[in-house]
Amino acid sequence: MTDFDVIIIGAGPAGATAGLFCKRFGLDYLILDNPEQPSQMTLATEIENYPAFERISGTELLKKMKNKLNIKEEKVVNLEIKKDKKIVTTERTQDEAKTVIVATGASHRKAGIKGEAEFLGKGVSYCASCDGMFFKGKDVIVWGGGDSALSSAIYLQNIGCKVTIVHRRQQLRAAKALVDKAKKLGIKFALGRTIKQISGKKLVERIIFDNNEQTKCSAVFICIGEVPVVELAKKAGVQTDENGFIIVDAYQQTNIDGVFAAGDVTITPLRQIITAAADGAKAAFAVYRYLEERK
Amino acid sequence: MIKIEILKTKNCPHCDPATEIVKRVTKKSKGVEVIETYLESPGGAAKALMFGVESVPTILINEKIAFVGVPEEAKLERAIKKAGEKNEETS
Numbered sequence: 001m002t003d004f005d006v007i008i009i010g011a012g013p014a015g016a017t018a019g020l021f022c023k024r025f026g027l028d029y030l031i032l033d034n035p036e037q038p039s040q041m042t043l044a045t046e047i048e049n050y051p052a053f054e055r056i057s058g059t060e061l062l063k064k065m066k067n068k069l070n071i072k073e074e075k076v077v078n079l080e081i082k083k084d085k086k087i088v089t090t091e092r093t094q095d096e097a098k099t100v101i102v103a104t105g106a107s108h109r110k111a112g113i114k115g116e117a118e119f120l121g122k123g124v125s126y127c128a129s130c131d132g133m134f135f136k137g138k139d140v141i142v143w144g145g146g147d148s149a150l151s152s153a154i155y156l157q158n159i160g161c162k163v164t165i166v167h168r169r170q171q172l173r174a175a176k177a178l179v180d181k182a183k184k185l186g187i188k189f190a191l192g193r194t195i196k197q198i199s200g201k202k203l204v205e206r207i208i209f210d211n212n213e214q215t216k217c218s219a220v221f222i223c224i225g226e227v228p229v230v231e232l233a234k235k236a237g238v239q240t241d242e243n244g245f246i247i248v249d250a251y252q253q254t255n256i257d258g259v260f261a262a263g264d265v266t267i268t269p270l271r272q273i274i275t276a277a278a279d280g281a282k283a284a285f286a287v288y289r290y291l292e293e294r295k
Numbered sequence: 001m002i003k004i005e006i007l008k009t010k011n012c013p014h015c016d017p018a019t020e021i022v023k024r025v026t027k028k029s030k031g032v033e034v035i036e037t038y039l040e041s042p043g044g045a046a047k048a049l050m051f052g053v054e055s056v057p058t059i060l061i062n063e064k065i066a067f068v069g070v071p072e073e074a075k076l077e078r079a080i081k082k083a084g085e086k087n088e089e090t091s
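Protein sequences appear in the order of chains Y and F.
Residue 1 is where the first sequence starts when you use the working numbering, and the numbers rise one by one after that.
Residue 1 is where the second sequence starts when you use the working numbering, and the numbers rise one by one after that.
Certain hints may be false.
Simulated DEER-style distance windows between Cβ atoms [to be verified]:
{"no.": "1", "chain 1": "F", "residue 1": "Gly31", "chain 2": "Y", "residue 2": "Asn243", "range": "43 to 53 Å"}
{"no.": "2", "chain 1": "F", "residue 1": "Lys82", "chain 2": "Y", "residue 2": "Asn243", "range": "38 to 48 Å"}
{"no.": "3", "chain 1": "Y", "residue 1": "Val77", "chain 2": "F", "residue 2": "Lys30", "range": "22 to 32 Å"}
{"no.": "4", "chain 1": "F", "residue 1": "Ile35", "chain 2": "Y", "residue 2": "Glu292", "range": "22 to 32 Å"}
What the hints contain is simulated information worked out from the structure, not anything from laboratory work.
Note that the Cβ used here is the ideal one computed from N, Cα and C, for glycine as well.
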């Protein structure tokens with residue numbers, strides 16, 4: 001068991017940036033990266049809104065962020081809070097720290113409709129960059145109206161899929177630049193529509209809307225938002241809002257002394273790579289300040 | 001011999017983490033062969049067709065689909081153990 005100043009749980013943009021700043025503050029830190037849950041940013045095939053990079057993939061940007069940091073690829077299974085120490089247990093080891101930064105991010109939201117689980121891997125996907133290549137030349141549905149849905153749709157159309165975006169509202173939430181690009185590429189839109197079922201024999205063959213209209217397709221890429229990964233933190237007593245996101249103050253401090261949180265897992269008004277990275281930097285500063293005050 | 005084949009693509013962000021887990025779990029195992037197959041290659045494309053693969057990473061254990069997506073370490077360990085026991089029964 002090693003005693004650290006801070007253990008950072010999660011190695012997405014928030015966790016990695018927290019690590020970088022902790023390193024620069026001279027703190028003894030460890031980042032724990034769950035290999036079973038890669039950061040959501042790795043799903044982005046093209047990032048065009050991260051300063052200093054005209055265009056870069058999420059995987060490449062994260063690789064740069066994680067460069068030369070102290071990262072252990074182990075899944076955390078328990079977080080125990082004691083008065084002056086936090087005990088973090090992974091599947092293989094146990095470490096102690098004076099403070100913890102929870103940067104566990106978010107995972108894709110499931111739609112919970114008929115056919116979604118049944119056709120997972122048979123036409124239902126949450127990852128366009130993973131599975132898009134199987135549907136070149138075929139009709140595919142991208143379900144969602146945010147940045148990730150539009151980015152996925154653009155990627156799929158660019159590799160040769162025939163994309164229709166389905167969104168339950170008349171207005172898309174995504175950035176105008178992405179919407180304009182999608183329109184320019186000839187992507188079709190079905191707005192104000194809700195999918196109630198994904199159907200087929202062995203593979204996805206169609207979607208059924210709530211008014212029972214049907215549209216033929218070979219795949220449905222579901223990009224309808226995120227749910228925070230908070231089970232560990234909640235179990236340890238960290239307070240969340242009604243949607244499950246961790247409540248933090250301006251210094252990323254949670255309700256528990258010495259426990260900080262950063263990135264998509266927190267109550268942030270904007271969930272972008274740049275905001276997650278900034279949260280990570282603030283959390284690292286807060287840890288530094290916290291430890292200095294107690295010297 | 002247990003054969004584990006990871007069907008993956010170059011653009012897939014989940015494929016390398018899945019490969020790392022397979023390699024870590026099988027590191028100390030004797031009699032386990034790990035193969036990485038990129039579906040962009042002609043052989044890989046044929047394999048995807050043969051198994052009806054429409055999602056990556058897909059992990060085959062002894063030529064049967066065992067996992068779609070990044071496997072949990074504990075589940076992968078159990079699946080490998082089971083495959084080993086099956087091999088012993090049939091040998």
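_Hint numbers contradicted by this structure_ = Violated hint (a single one): 4; every other hint is consistent with the structure.
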